[in-house]
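Construct the entire structure; sequences and hints are all you get.
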Amino acid sequence: MYFLGIDTSCYTTSLAIADVQGNILLDRRSMLRVQKHARGLRQSEMVFQHIKNLSELFPQGYQGIGAVAASTVPRPAEGSYMPVFRVAESFGKAAAYAAGAAFYALSHQHAHIGAAIIGTEKIFDGEFLALHVSGGTTDVLKVRAKHNLICSITTIGQASDITAGQLIDRIGVTLGYDFPAGAAISVLGSRGVPEHMNFSIRGLNASFSGAESAVRRRLKQGMSAEDAAATVLLYVAKVLNKLIIRACEQTGIMQVLLFGGVMRSEWIRAYLGKEQRAKLVFAEPKYASDNACGLAIQAGLYHQYQGVEDEGKDY
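Numbered according to the numbering used here, the sequence shown terminates at residue 1116, and the numbering increases by one at each position without gaps.
I should point out that these hints are in silico values taken from the structure, not numbers from a laboratory. Some hints here could point you the wrong way.
Using 25 Å as the maximum straight-line C-alpha spacing, the simulated DSS-like pairs for lysine-lysine come out as follows [as the list claims (entries may be wrong)]:
1. Lys1043 x Lys1080
2. Lys1087 x Lys853
3. Lys943 x Lys1043
4. Lys1087 x Lys1075
5. Lys943 x Lys1075
6. Lys923 x Lys943
7. Lys853 x Lys837
8. Lys853 x Lys943
9. Lys1087 x Lys923
10. Lys923 x Lys894
11. Lys1043 x Lys1075
This structure is a prediction, so every number in the text was calculated from the model and none was measured.
Set out below in structure tokens:
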């Protein structure tokens, strides 16, 4: 028996297949194409590319699909909606119904958390904190799991304006790099000397737009590209470090899972690992950014624990 996961985010079309032992047998991803110097895509453009990509990514030769999980919303919360995820939902339901399999409507955060767990050699059982840091999200989460099955996700903090990933991407595009620019900024920043900037956090809600304006001003005043990149990375790292400290203090939970495209940055990972007293668990770089592997694993776990009689239920 096999389990299929599908994720259609603002950056990547992803499809994965896992077996009953939780091994990833297939991991296919296709980045959405963004025109040079652009800072993103409209939702309609994303939907069009996802439909095209999924028709090419779908595998052949896998018989016995027992369950399908798709990211149908950004977050498991009332009112959470984004058109791109309708593509994953439509393809996922079609695949499940054609195979006579269970369909699980999960969220993009389920996809990220499920993928981040892979390769950590840990069993997540009970409550833990999570930081989802990407181009679309900077969320502080409280998660409850049962033997790696994600039971609940509660947002306890988030970006109040733009996200950490948007800050990095916008400065990267300004410096002449293609969108998304996270990888380029990480390499560039490793050669620069960061300037310290005061950060803005209210509770567990962080602001990044002020940092964008400040770095743009400094670039006009002659700051080098290397120093600008290093300054952005330091700002993001300091904000994340403070969010972790406050979240641990407020909840009493000291285990934190970190994932999302921004958390692929070795610079930021090294800073947090040096500064933090909490038990940080970093997603493997290949599972930190958008992918469907976590959904494939979760499909198998939901099928195991919930049974096919719960087909169609949103978790």
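Hints, verified against the model:
no.: 1; hint: Lys1043 x Lys1080; in the structure: 15 Å, holds
no.: 2; hint: Lys1087 x Lys853; in the structure: 24 Å, holds
no.: 3; hint: Lys943 x Lys1043; in the structure: 16 Å, holds
no.: 4; hint: Lys1087 x Lys1075; in the structure: 22 Å, holds
no.: 5; hint: Lys943 x Lys1075; in the structure: 23 Å, holds
no.: 6; hint: Lys923 x Lys943; in the structure: 17 Å, holds
no.: 7; hint: Lys853 x Lys837; in the structure: 21 Å, holds
no.: 8; hint: Lys853 x Lys943; in the structure: 35 Å, violated
no.: 9; hint: Lys1087 x Lys923; in the structure: 17 Å, holds
no.: 10; hint: Lys923 x Lys894; in the structure: 31 Å, violated
no.: 11; hint: Lys1043 x Lys1075; in the structure: 13 Å, holds
Of the hints listed earlier, those the structure fails to meet are numbers 8 and 10, in rising order.
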